[in-house]
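Now for the letters of each chain:
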Amino acid sequence: MASAILPLSSPSRPLRNDLKANWKRGTSNRTFLRKDYTKAKQSFTRTRMTLAVEVSRFNDITMAPPDPILGVSEAFKADTHEMKLNLGVGAYRTEDLQPYVLNVVKKAEKLMLERGENKEYLPIEGLAAFNKATAELLFGANNAVILQQRVATAQGLSGTGSLRLAAALIERYFPGSKVLISSPTWGNHKNIFNDARVPWSEYRYYDPKTVGLDFDGMISDIKAAPDGSFVLLHGCAHNPTGIDPTPGQWEKIADVIQEKKHIPFFDVAYQGFASGSLDADASSVRLFAARGMELLIAQSYSKNLGLYAERIGAINVVCSSSDVAERVKSQLKRLARPMYSNPPVHGARIVANVVGNSDLFDEWKEEMQMMAGRIKNVRKKLYDSLSAKDSSGKDWSFVLKQIGMFSFTGLNKAQSENMTNKWHVYMTKDGRISLAGLSSAKCEYLADAIIDSYHNVS
Amino acid sequence: MAQLVRVGLLGRVSMSGVLGAARSMSTGWWRHVEPAPKDPILGVTEAFLADPSPNKVNVGVGAYRDDNGKPVVLECVREAERRIAGNLNMEYLPMGGSVKMVEETLKLAYGENSDLIKDKRIAAVQALSGTGACRLFADFQKRFSPDSQIYIPVPTWANHHNIWRDAHVPQRTFHYYHPESRGLDFASMMDDIKNAPNGSFFLLHACAHNPTGVDPTEEQWKEISYQFKVKGHFAFFDMAYQGFASGDPERDAKSIRIFLEDGHLIGCAQSYAKNMGLYGQRVGCLSVVCEDEKQAVAVKSQLQQLARPMYSNPPLHGALVVSTILGDPDLKNLWLKEVKGMADRIIGMRTALRENLEKLGSPLSWDHITKQIGMFCYSGMTPEQVDRLTEEFHIYMTRNGRISMAGVTTGNVAYLANAIHEVTKSG
Numbered sequence: 001m002a003s004a005i006l007p008l009s010s011p012s013r014p015l016r017n018d019l020k021a022n023w024k025r026g027t028s029n030r031t032f033l034r035k036d037y038t039k040a041k042q043s044f045t046r047t048r049m050t051l052a053v054e055v056s057r058f059n060d061i062t063m064a065p066p067d068p069i070l071g072v073s074e075a076f077k078a079d080t081h082e083m084k085l086n087l088g089v090g091a092y093r094t095e096d097l098q099p100y101v102l103n104v105v106k107k108a109e110k111l112m113l114e115r116g117e118n119k120e121y122l123p124i125e126g127l128a129a130f131n132k133a134t135a136e137l138l139f140g141a142n143n144a145v146i147l148q149q150r151v152a153t154a155q156g157l158s159g160t161g162s163l164r165l166a167a168a169l170i171e172r173y174f175p176g177s178k179v180l181i182s183s184p185t186w187g188n189h190k191n192i193f194n195d196a197r198v199p200w201s202e203y204r205y206y207d208p209k210t211v212g213l214d215f216d217g218m219i220s221d222i223k224a225a226p227d228g229s230f231v232l233l234h235g236c237a238h239n240p241t242g243i244d245p246t247p248g249q250w251e252k253i254a255d256v257i258q259e260k261k262h263i264p265f266f267d268v269a270y271q272g273f274a275s276g277s278l279d280a281d282a283s284s285v286r287l288f289a290a291r292g293m294e295l296l297i298a299q300s301y302s303k304n305l306g307l308y309a310e311r312i313g314a315i316n317v318v319c320s321s322s323d324v325a326e327r328v329k330s331q332l333k334r335l336a337r338p339m340y341s342n343p344p345v346h347g348a349r350i351v352a353n354v355v356g357n358s359d360l361f362d363e364w365k366e367e368m369q370m371m372a373g374r375i376k377n378v379r380k381k382l383y384d385s386l387s388a389k390d391s392s393g394k395d396w397s398f399v400l401k402q403i404g405m406f407s408f409t410g411l412n413k414a415q416s417e418n419m420t421n422k423w424h425v426y427m428t429k430d431g432r433i434s435l436a437g438l439s440s441a442k443c444e445y446l447a448d449a450i451i452d453s454y455h456n457v458s
Numbered sequence: 001m002a003q004l005v006r007v008g009l010l011g012r013v014s015m016s017g018v019l020g021a022a023r024s025m026s027t028g029w030w031r032h033v034e035p036a037p038k039d040p041i042l043g044v045t046e047a048f049l050a051d052p053s054p055n056k057v058n059v060g061v062g063a064y065r066d067d068n069g070k071p072v073v074l075e076c077v078r079e080a081e082r083r084i085a086g087n088l089n090m091e092y093l094p095m096g097g098s099v100k101m102v103e104e105t106l107k108l109a110y111g112e113n114s115d116l117i118k119d120k121r122i123a124a125v126q127a128l129s130g131t132g133a134c135r136l137f138a139d140f141q142k143r144f145s146p147d148s149q150i151y152i153p154v155p156t157w158a159n160h161h162n163i164w165r166d167a168h169v170p171q172r173t174f175h176y177y178h179p180e181s182r183g184l185d186f187a188s189m190m191d192d193i194k195n196a197p198n199g200s201f202f203l204l205h206a207c208a209h210n211p212t213g214v215d216p217t218e219e220q221w222k223e224i225s226y227q228f229k230v231k232g233h234f235a236f237f238d239m240a241y242q243g244f245a246s247g248d249p250e251r252d253a254k255s256i257r258i259f260l261e262d263g264h265l266i267g268c269a270q271s272y273a274k275n276m277g278l279y280g281q282r283v284g285c286l287s288v289v290c291e292d293e294k295q296a297v298a299v300k301s302q303l304q305q306l307a308r309p310m311y312s313n314p315p316l317h318g319a320l321v322v323s324t325i326l327g328d329p330d331l332k333n334l335w336l337k338e339v340k341g342m343a344d345r346i347i348g349m350r351t352a353l354r355e356n357l358e359k360l361g362s363p364l365s366w367d368h369i370t371k372q373i374g375m376f377c378y379s380g381m382t383p384e385q386v387d388r389l390t391e392e393f394h395i396y397m398t399r400n401g402r403i404s405m406a407g408v409t410t411g412n413v414a415y416l417a418n419a420i421h422e423v424t425k426s427g
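Chains as they are written, first to last, in the UniProt record's numbering: chain A, 1 to 458; chain B, 1 to 427.
Incorrect hints may have been included.
As the list claims (entries may be wrong) - Just so you have them, the derived chain A footprint on chain B, three or more residues with Cβ under 8 Å:
id, segment
1, 86 to 93
2, 272 to 279
3, 313 to 321
No lab work stands behind these hints: they were computed from the structure.
Every value quoted in this text rests on a predicted model; they were computed, and no experiment measured them.
Beta carbons are placed, not taken as given, at the ideal position from N, Cα and C, and that holds for glycine.
The whole structure should be built from the sequences, with the hints applied where relevant.
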């Protein structure tokens with residue numbers, strides 16, 4: 001794909017000046033471009049003169065596939081039906097289906113504005129006050145791993161960025177080791193491990209028959225993997241299914257992971273947002289930490305503090321000693337530096353301010369309970385509507401058992417498409433709905449749609 | 001000792017915890033992880049902070065300081081933040097970032113009336129400052145030109161090497177800095193450009209080369225561009241200092257404009273860290289010039305595909321500040337004034353440092369101090385001389401002799417000149 005080389009010698013210079021005289025004066029960014037005649041071209045309204053051939057290096061690049069989730073929102077926007085419902089959205093909405101900026105965030109930003117802090121680079125590992133706060137939130141300030149300084153924490157670009165840092169660490173220090181991910185899981189997990197060149201395979205998770213957890217399948221697949229694999233676990237509010245293991249099941253999962261010398265790798269994107277309690281939502285992570293295991297945990301403040309756009313999260317690596325933690329942290333920095341040098345300060349300061357101020361912290365807990373509460377309410381209302389309207393006797397209680405923003409309805413692709421085409425309910429084709437996008441007012445309508453799609457479409 | 005006590009506490013809490021600890025600690029997954037080498041620049045600042053001397057000077061710092069040596073938040077930035085305060089939208093930006101911010105940013109690099117912009121031929125996404133833009137491009141280069149290498153000038157910003165290395169793109173170097181003249185080794189640079197295989201990828205600093213401060217002249221840029229055409233090379237510009245170098249953003253983009261006039265389809269990384277003082281906000285932009293709109297749409301979609309598994313979408317706050325400032329004529333004018341103010345202060349300090357050295361009767365030539373441009377000055381001092389500056393005079397800089405002019409003030413320039421004279425006067 002090398003560009004053709006013209007014999008450019010000085011005679012071409014007067015030519016260029018001639019050509020230039022025919023164009024408008026002023027700072028000109030005229031480009032001179034000759035296309036390869038074998039390619040189909042767009043027609044131009046102006047003649048383009050050639051000085052030299054410039055065929056793009058990136059000529060053969062095709063359009064990337066549209067993002068499955070973004071596509072949902074776009075289609076929703078284009079729909080004019082009055083009952084339309086956007087249940088693809090992965091962001092919290094109020095009962096009026098509006099985005100919600102938390103009060104504590106507004107207050108923290110106001111404080112920051114008044115203080116007029118500077119905008120200097122953060123250290124590569126991020127804002128120290130944030131790192132301290134985030135690890136303490138996750139483990140509890142008096143947890144042994146914190147007191148023993150065994151946690152390497154680095155601020156990351158929300159959950160995605162933190163996962164990516166961890167993946168890069170795995171690739172560098174455990175080349176060839178696999179990550180086991182649940183089937184299904186958040187779509188971007190695979191992209192992250194692919195781009196980080198970390199091999200992955202799936203463990204069974206979702207059981208369509210029960211619309212619940214395939215626990216035996218999960219344990220079996222974790223056992224079957226090579227020793228020393230990394231097991232990606234959702235700390236709470238599994239995305240996309242909403243199905244979490246029970247505390248008893250978590251114990252068994254920890255057992256088999258220890259047996260196989262696997263490394264647990266938690267994605268904690270909903271701490272506080274799932275049950276409404278920060279501590280309850282961290283119990284799976286704390287269970288593993290209490291066993292003295294080394295583990296990786298990615299955190300995000302996108303949902304629980306509504307800081308979606310500010311990209312604030314952290315990667316934590318619990319190590320066997322503080323010395324190892326120091327070294328691991330230094331290597332996390334070395335991976336971050338050629339990615340973005342140092343992380344963005346704004347979101348980190350907001351978190352540090354909210355957590356560091358006891359009034360704001362209490363208010364935050366209330367707001368979180370409010371958000372989690374609204375979701376629980378619509379779950380209940382949806383369940384009630386489904387049970388009342390569906391005369392088939394189908395057990396819809398899985399709606400209540402699931403937790404967090406998302407729910408796997410058990411609808412298949414064709415049924416999900418019916419939801420959209422007939423009922424103007426926008427959701428992803430895997431049957432996932434976002435309860436964050438559901439208002440109580442629309443629960444009955446949604447129930448009708450689900451019942452129709454489930455029974456009348458195959 | 002304390003360590004043992006704490007482990008004991010853990011044991012008392014839960015038996016299974018102790019057993020678990022024993023089992024896991026015997027395997028210790030991360031023991032083979034070595035400590036990473038210390039960052040050469042961070043180490044300088046740490047040592048500076050630890051020094052109790054009242055005369056200490058930090059000229060290692062890579063961030064602008066005012067004449068009192070204090071960090072600066074621009075007035076236009078403060079005003080923009082006041083305006084966006086209480087912003088009721090924290091929703092995810094699109095993967096490509098803030099459309100408004102990117103539009104304004106392209107105008108800066110490509111010109112207000114750029115046809116490329118009008119014809120929608122530029123694939124552009126918001127990036128995590130200059131680093132993020134370079135990294136996205138390096139990953140893009142790896143994915144879509146998998147057999148290509150990157151030619152990097154000697155010397156360059158150290159992180160350039162890390163970026164292309166972590167993107168798995170092999171690196172070559174080309175001559176750039178001429179130590180004897182403390183200027184550009186133009187002849188060798190042109191040789192390297194001619195000798196590189198046709199269609200090679202080159203990393204160029206658009207203005208205010210980091211770390212040397214040595215930029216090609218306009219005539220030299222034209223020759224470089226011409227030779228690039230002959231060879232069919234790809235030019236990737238890292239523009240981290242637009243406006244900050246000469247004080248005039250249009251002038252600082254001249255190298256890029258020359259290449260665009262010659263029809264090159266360039267790539268460009270832009271950063272607002274220095275010129276808008278938004279260091280910690282991580283705001284920048286990556287752009288790739290394409291043959292037509294259709295291709296630009298395809299390339300942008302692929303850039304987004306690369307960004308998605310790195311951070312999903314870029315941070316909002318800094319982008320809002322930039323688009324608020326650039327989208328408002330009064331704020332934009334204020335910004336232009338402030339950027340010129342910063343550049344002027346640096347240029348003033350260059351003059352002062354040079355004059356002081358000359359007044360002291362230095363046997364060496366110091367005109368490279370004023371010939372070089374931007375934040376940094378490659379002084380030509382040896383590591384040993386730099387060590388003496390630190391040990392005897394408490395002056396902190398990187399051992400390659402790079403002085404950050406941002407750390408020079410009217411208060412310390414005489415002291416600095418005197419110290420430099422002392423360690424270099426014997427030749």
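**Request:** Check each numbered hint from earlier against the structure, then list the numbers of those it violates in ascending order.
**Result:** Nothing - there is no hint that the structure violates, so all of them hold.
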